[in-house]
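Sequence order for the protein chains is A, C and Z.
The first sequence runs contiguously to residue 290 in the working numbering.
The second sequence runs contiguously to residue 244 in the working numbering.
The third sequence runs contiguously to residue 315 in the working numbering.
Since the hints were made in silico from the structure, they are not lab data.
Glycine is no exception: its CB is placed at the ideal position from the N, C-alpha and C atoms.
Hints are supplied without guarantee of correctness; some may be wrong.
Stated by the list, open to error - Partner residues aside, some chain C positions facing chain Z, computed with beta carbon under 8 Å:
1. 51
2. 78
3. 83
4. 85
5. 91
6. 94
7. 101
8. 102
9. 103
10. 105
11. 110
12. 241
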Amino acid sequence: MISLDLAVNAVVAGLLLGGFYAAVTVGVTISFGMLDIVNIAHPAFIMLGSFVAYVVNSNFGIDPILIGVVMAPVFFLVGMAVYQIYYYAFEQRGEESIQGLAFFFGLLFVGEVALILVFGVDYRFVEAPYIGLSLHLGVVDLPLRMLIPCLVSLLMLAVLQLFLGRTFIGRAILAVSQDRLALQLMAANPSTIKRIAFGISIATASVAGALLIIIQPVEPSIGRDYIGRIFAICVLGGMTSFPGMLAGAMLIGVVESITATFYGPSWAPAVAFGFLLLTLAVRPAGILGR
Amino acid sequence: MPPLLEVGALGKRFGGFVALEGIDLTVNTGERVGLIGPNGSGKSTLVNCLCGALHHDSGSIIFDGRAIDGLPAYRRTRLGLARSFQLPKPFRSLNLVDNLRIPLLYTVNARLGARLSDGTIGERCLALLDDVGLADKATRLPRDLTQVEMRKLELARAVASAPRLLFADETMAGLSPSEVEEILVVLVRLNEQGITIVLIEHIMRAVMSFSTRLVVLVAGQKIADGAPQEAIRNPEVERAYLGE
Amino acid sequence: MRAAKFWGVSFLVAAALLVLTRGFFTNEYFFFAGYVVLQYIVLSTAWNILGGYTGYTNFGVGAFFAVGAYSSVVLHKLTSLPVPVMIVVGGLMSGILGFGMGYLTLRLKGVFFAIATLALAIVAQTFIVNWDYVGGSRGVYVIRPQQAPLYGSYIQYLYSLMLVLAWVSVAIARTIERSRLGLGFNAIRDDEAAAEAGGVPTLRLKLISTTLSGALMGMAGAPLPYYVTYLDPASSFNLSYAVNSVAMPLIGGMTSWIGPVIGAVLLGTIQQLATVTISSALNLLIVGVLLVAFVIIAPNGIVGLVQARRRARLR
Chain A
1 MISLDLAVNA VVAGLLLGGF YAAVTVGVTI SFGMLDIVNI AHPAFIMLGS FVAYVVNSNF
61 GIDPILIGVV MAPVFFLVGM AVYQIYYYAF EQRGEESIQG LAFFFGLLFV GEVALILVFG
121 VDYRFVEAPY IGLSLHLGVV DLPLRMLIPC LVSLLMLAVL QLFLGRTFIG RAILAVSQDR
181 LALQLMAANP STIKRIAFGI SIATASVAGA LLIIIQPVEP SIGRDYIGRI FAICVLGGMT
241 SFPGMLAGAM LIGVVESITA TFYGPSWAPA VAFGFLLLTL AVRPAGILGR
Chain C
1 MPPLLEVGAL GKRFGGFVAL EGIDLTVNTG ERVGLIGPNG SGKSTLVNCL CGALHHDSGS
61 IIFDGRAIDG LPAYRRTRLG LARSFQLPKP FRSLNLVDNL RIPLLYTVNA RLGARLSDGT
121 IGERCLALLD DVGLADKATR LPRDLTQVEM RKLELARAVA SAPRLLFADE TMAGLSPSEV
181 EEILVVLVRL NEQGITIVLI EHIMRAVMSF STRLVVLVAG QKIADGAPQE AIRNPEVERA
241 YLGE
Chain Z
1 MRAAKFWGVS FLVAAALLVL TRGFFTNEYF FFAGYVVLQY IVLSTAWNIL GGYTGYTNFG
61 VGAFFAVGAY SSVVLHKLTS LPVPVMIVVG GLMSGILGFG MGYLTLRLKG VFFAIATLAL
121 AIVAQTFIVN WDYVGGSRGV YVIRPQQAPL YGSYIQYLYS LMLVLAWVSV AIARTIERSR
181 LGLGFNAIRD DEAAAEAGGV PTLRLKLIST TLSGALMGMA GAPLPYYVTY LDPASSFNLS
241 YAVNSVAMPL IGGMTSWIGP VIGAVLLGTI QQLATVTISS ALNLLIVGVL LVAFVIIAPN
301 GIVGLVQARR RARLR
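Chain A with its partners taken away, still in its complex shape (with noise of 0.2 Å):
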């Protein structure tokens, strides 16, 4: 009964808008798996990044993707700065967790409302080429919008993983992330390890806004949406694995999209989260395992 064709499509739907959530989760894998930092103001910078996508592509007619990686720098830089403030307030203080979470938390809340009050509550949306064109391979549809971000998030995540296996400060973060007594001894400082991993942490969020902006308009508040959904397919993903996020969003992005396809959009959001209490209650090493 249910046609075969909008189930396929749902379905590849699903693939390439988890290919996309693994762009949006990477961050939180690198800040929160690996560095044990409670960065839930992550979606606050995905949407900066989205919105600055918007106003320079507006304006000036860059594509959107292009404006991403060039301003990565910058946020690696912004993430740098918030890591230090992190750091002299809560790690070096050693505060309770409370209190790291209520930082990030306003964070996230300052950011939403920030963006509100310079561009209103409407949607905005990118132009680009690509934006509205389709392939068609046989029954499936596969919208270039979707596409083109899909295969530049996978591009991202075979960056860093490579970054991090074969770069030194990239196979610095994995060891900080290890064993942070092990590097102590061995006299690398791990806070400007952990800066600089935070920093390429926010700096994905820059890609990730620009990918978010060319699948669909955007309004500061879809941010919120994202705070499950990355927490979802990063405990799902086992925390601290490429390969295992990958897998994890894929598995969200094709159930969601199913879900919005047969029982409506309005259960969308539903899904992500109660995935996450489905997998933490059950399985919280994830599904690959740590």
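Chains C and Z: place on chain A using the hints.
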């Protein structure tokens, strides 16, 4: 007289890693048992399983004639099984008296027919602090304590629950010889007051002088159990500590 | 001061406040604004029982608040009950929600618990959005009764109820603070494993904390439909309730019952003034910025600052 603690074929795995296998252990009332073993041999895991911080996968635990296998940690404490933590875990925002008040309110007072008044509890807290030499810092916070004082607070808190059996988990790690002596004196006195003690330690001198019986754990298995001098001379123990 | 005496003294203070404000102020606006500030006293006090005392950060405040509000909507549609009864029912419903949430999530540590609360709030909101009986996403209109019990306007009546509720929640918080339960909560906050090893039934206490906290939040939400006359999920589940409920205790001070009160009065008043004079979006920005600023500079809040100055003077 039946044993105070009877552990039968206890096993615990973490995923694929076997932390404990087939552990049999008996502790009689009044004993001073030393539990030793190289790092990673499963000593802390054993303590965690016995005290309820972890669920064991197989085997049985009988305390004071009663099977305690499924009981949550706080129930075991109320039955008389107490532990101090390897890394001291004081209640940071509470002063020393309040740190001891918790076990008194929630363990001693929770036991049937042991309702103590506020005043009595306050006195007992001070007495316990005095026993370990911390009475003058009663109103201070844990962050004002030195390392050895924190260890003493940790012990005092375990003792505050009026236990029959106390697991002292690496209480003396990183202390100077005179500080080790201080702790040993406290432990001996506690034992003389009637508390059975299992001492988990690395400092051989302390364990050897304190224990009436020695249990050796290596790679999750018990390889020796007997009088300290004999257990030490067991060839397997030598191999474990000195290598092949 | 013993608990009974505190209840007595605070009752007198609350009663005096009630009589004085209702006698002195004639401008309806005072009662509109006052209701909101009192509501926040309840919400932040409730939040602090689970947050400041027990150490578990709840971001899902909106869910408990809205469940209280929507249970009143259901009651209002089914029958006609006095608002105090609706408050009790709202508290019951949210208390059950709190218990359920606690049971599902309390095995989670720190941030996972916080995010799970957020998840639960979104799931709850999704259910309400899809429930047509209470208006779904379109919302529902509630007619405010013409006649208020006793004298005065209906808003004055709601204001009075909220004042009583604020008194009750503050008295409960303070009673807990000085009790064995409160000490147990603090032990859980400081070190849960050590608390459990010390004989504290941590799961049970945590459930008490979430249930009580949720119930009070539900009670704060129960009169809302009559206050706003138009209720919809977007506004009743709004994340701003969570931000305020976190910010107020944090800025006021989380270790004492008086912190949430200070925070609520301060922040609530600022927001009411800002909404009128500047814009309502800006007032949310103020809350967010103050939250971030205080958490960095004065993590123990105003109460913490006062305590630190007192300790410094003693040296």
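Does residue 101(C) hold up as a contact with chain Z if the rule is Cβ-Cβ below 8 Å?
holds (7 Å)
Interface hint status, residue 105(C) versus chain Z (Cβ within 8 Å)
holds (5 Å)
Do the numbers back the hint for residue 78(C), that is, is its least Cβ distance to chain Z under 8 Å?
holds (5 Å)
For the restraint on residue 94(C), tell me whether the closest CB of chain Z is nearer than 8 Å.
holds (6 Å)
Supplied contact hint for residue 51(C), tested at 8 Å Cβ to chain Z
holds (7 Å)
Can we keep the residue 110(C) interface hint, with Cβ of chain Z closer than 8 Å?
holds (6 Å)
Is the hint on residue 85(C) kept, meaning its closest Cβ partner in chain Z is under 8 Å away?
holds (7 Å)
Chain Z contact restraint for residue 91(C) - C-beta distance below 8 Å
holds (4 Å)
Quick check on the hint: residue 102(C) CB to chain Z CB, less than 8 Å?
Because about 5 Å separates residue 102(C) from the closest Cβ in chain Z, which is inside the 8 Å limit, the hint holds.
Hold the hint about residue 103(C) up to the distance rule: shortest CB distance to chain Z must be less than 8 Å.
Hint holds; residue 103(C) Cβ to chain Z Cβ min 4 Å, cut 8 Å.
Interface hint for residue 241(C), Cβ within 8 Å of any Cβ on chain Z
violated (30 Å)
Interface hint for residue 83(C), Cβ within 8 Å of any Cβ on chain Z
holds (6 Å)
Going through the hint list in order, the structure does not satisfy hint 12, though it satisfies all others.
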